[in-house]
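For the record, the sequence lines run as chains V and D. For the first sequence, the working numbering begins at 156 and goes up steadily by one. For the second sequence, the working numbering begins at 8 and goes up steadily by one.
Quick caveat, the hints were computed from the structure, so don't treat them as lab data. What you are looking at is a predicted structure, and each value in this text was computed from that prediction instead of being measured. Just so it is clear, CB atoms sit at the ideal spot from N, CA and C, and this is done for glycine as well. There may be inaccurate statements among the hints.
[Stated by the list, open to error] Chain D regions said to be covered by chain V (calculated; three or more residues, Cβ under 8 angstroms):
#1 229-236
#2 461-469
[To be verified] Some but not every residue of chain V turned toward chain D, in silico, with C-beta under 7 angstroms:
#3 T176
#4 T178
#5 P298
#6 A299
#7 V301
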Amino acid sequence: MIKLLFKRLAQGALVVFVLETITFFLVRMLPGNPFLGERKLPQHVMEQLNALYGLDQSALVQYFNYWKNILTAGDFGPSLVREGLQVSDIIATAFPVSLWLGVLGMAIAIVVGIPAGMLSAWWKNRWPDTLLMFLAMLGICMPAFVIGPLFGKTLGMHVPGLSVAGWDNPLCAVLPALTLGLINAAYLARLTRGGMLEVLSQDFMRTARAKGAGAVRQLFVHALRSGLLPAVSYLGPAFAALITGSFVVETCFQVPGMGLHFVNATTDRDYFLIQGLVLCYGVLIVAANLVVDLALVALNPRLRSQGAA
Amino acid sequence: MNVRAIVTIALSCLLTACGERRSSAERFAESGILVVGNNSEPQSQDPHKATAVADGKIICTLLEGLVRPSPVQDGDVLPGTAERWEHNERADEWIFHLNRAAKWSDGTPLTARDFAYAYQRLLHPQFAGKYAEMLYPLLHAEQYNKGRCDWEQVGVKVIDDHTLQLTLSGPTPHLPRLLLHFTWFPVPAHRVEALGGMLDRRSLWTRPENWVGNGAYVIDAHRFNDYLSVRPNPLYLRAAEVKNRGVRFLPIVNGYTETRMYLGGKLHITNNVPPEMLAYARSEREQDFCRDPYYCTIFYRLNTTRPPLSDARVRRALHLAIDREALVNKVVRGAGVPTTTFTPPGAGYAVKAPAEPATQAEREDEARRLLAEAGFEGAKGFPVLELMTTSRDVQRVMAETIQAMWEQVLGIHVDIHSCEWTAYKAAQQNMEYDISSSSWSGDYLDPATFVELWRSGGGNNCTGWGSTECDSALAAARATGSADERRAHLQQAEECMLRELPILPLYHSERTYLRSNRHVSGWQPRLLDNFPLDAVEVKP
């Protein structure tokens, strides 16, 4: 287990390093620069700004300086568009918002999606299955930019306490979390159903039924552990994506989270912010995958023996 | 804290929130706080680093220049930090007498040195001020900004603590209107020096905890991408005249979200209702719906260095083939005024477009004739041009409409290239385009902010077009101290440009937004959308 952990950590560090390196050079190949505005800047001003932030040096020198600053001073660089703000400040302000929203969204997804998938599998090809899978398909097909405003218009404007958009009271998180949660619940429901169907048709389940196990015992004691494997594999990256924010949901509900930065930093060519966000996202994805790997090992004894081998 | 306590607190919060029937706009109105949509997260509250309109709106509440805008009449200026001023006959030497009672919000006296310090900072060759050009009317300012002379040679002189002399490179009778722009505002020299110095672009002096200003408000709180709130500055010169108890700016980029937030009781004034939502917003809140003229023109730039757009007849043919009435009514849904001129009317200036056929059918005939005259009879041999737009919905639909008009009337085809904003600006500024959708909004209420664009080789010209006649008229406008003569020269320059048409003017923009009649009073529309927010009353 420990060996597996270290192996995965080493792989994760390599992935993050390669991801950050590719991003570094790719963003600098995009047309334009962070200082472009509505009005054209005089050449001498552009040169001064480039010199100030070290962008007048070769990409390779910039790359080494970037890593040097991170490793020696923990400095992820300044925002080139919102001067005076550090990348770490921006992430530190936005991440807790996205984290809170992501945790709520994931909780909704799990509470709704997994039971829906289980029930659907239990009542395979009967009307609850058809209804639940129709709803799941609807959730998968409807984009967040449709569901979000729909919730805002129907619930936000008419249910007391709920907010159409904004982030000025705790209940403002309800609708964006519901939007994020239900979309992921739809995926989870289908994955859980698939996993459960496979398990329910296994011989050991027939044996359990023959021995007189009730529905609850069959589902929760015998089937759930193996039936959840596909859903658990999905949960890791989905959780990392959720807690790093969604541009669409944050725009629809005016949430000051990380998702907005992912898109805006790219369109603004805010190089250091893009790199900081990619680094943050990369580390979270690697961490989430690591947790999923460990969870899968815990759930599936066969993987444990493979890991030991 | 045990689980029961956490659950109790959470439930109490939930019940309190559910029991709250008032909208947040109502709650803020009861506290006398104005909540406004402000388009985007501000880049900075430092007047020397900010460039966006959204930044300007906030800075104008936090800092005050030598003069301030009149809340009564658009374009009029009132004494601000300066209580009076005078100028010589040529209007190229101005003396401002500062109000002796003027103080920064930390109690430090505000002196003429703060203004001189601010101007030197923005123009300093090592500061890299993006908007330094705004101060170029000052004598030798451009040379200093480019490192070609010393600060002592620049036309800014502190006569004493309360007297500032500005010497300009030419007659500038419209200087007071220029001074309304935030680039001319002072900065607290003592604060800037204490927190990094004049040239430190990363200085944190604008953070709420460090903020010192001389405007009607000081920064109260700022949560990135969430809100920026300001509260009254008790040491403001006219603190007793401030009509509300603060302003909360919400950086809402998306017009749909903003409109929904207004309808859901989250805002008192929105920044913008997108064209697609105009009918809906109007039907929901007829009494709150506003449509005001805006000092902005929407137009297409033509790259005149590339054939066949280098031929003025081709450019005019493209110009005549556009049915602007249809464009404004169907695409922009009425949020604009069709135009064939460039500078929007206002500030006592209007220009006559060159004579054109009266009806659209006649215009189209003339367009076909001009195209044939240019050697493209029936569009034969006309190359496929590329029309570059941003990825904004309205821009793309407008491009598709004009593409169809040209195809129908002239038989020519253009490809639409929609790109994200920075790539679009880079291509436009490097002139890597054929036709580019563009807009221009005035920095100050004066036609020069539009007409000066067409100076040969001007940084924002970006069409490759230039004309000696236009340049001479602009030079003559800069050289005269008479407002009437200046206006006539500017008209001559614009008429010259309109004869050659390096651009296709489409419409003068209008601002469409929602404003709560119930909670807001004293608001008046402004061409530059710069109504002083301290004059807005907020009613419960």
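Cross-check of the supplied hints:
1. Only when three residues or more bring their CB closer than 8 angstroms to a CB of chain V does the claim for the stretch 229-236 of chain D stand; here the count is 5, and the claim holds.
2. Residues of the stretch 461-469 of chain D lying with their CB closer than 8 angstroms to a CB of chain V number 3, which satisfies the three-residue condition for coverage.
3. Hint on V:T176 is violated. Least Cβ distance to chain D is approximately 23 angstroms, over the 7 angstroms limit.
4. With a least beta-carbon distance of about 17 angstroms to chain D, the hint placing V:T178 at the interface is violated under the 7 angstroms criterion.
5. Because the beta carbon of V:P298 sits about 14 angstroms from the nearest beta carbon in chain D, more than 7 angstroms, this interface hint is broken.
6. The criterion of a C-beta within 7 angstroms of any C-beta in chain D is not met by V:A299, whose closest approach is roughly 13 angstroms, and the hint is violated.
7. For the restraint placing V:V301 at the interface with chain D, the shortest Cβ-Cβ distance is roughly 12 angstroms, beyond the 7 angstroms limit, so the hint is violated.
Comparing the model with each earlier hint shows violations of hints 3, 4, 5, 6, 7; every other hint is respected.
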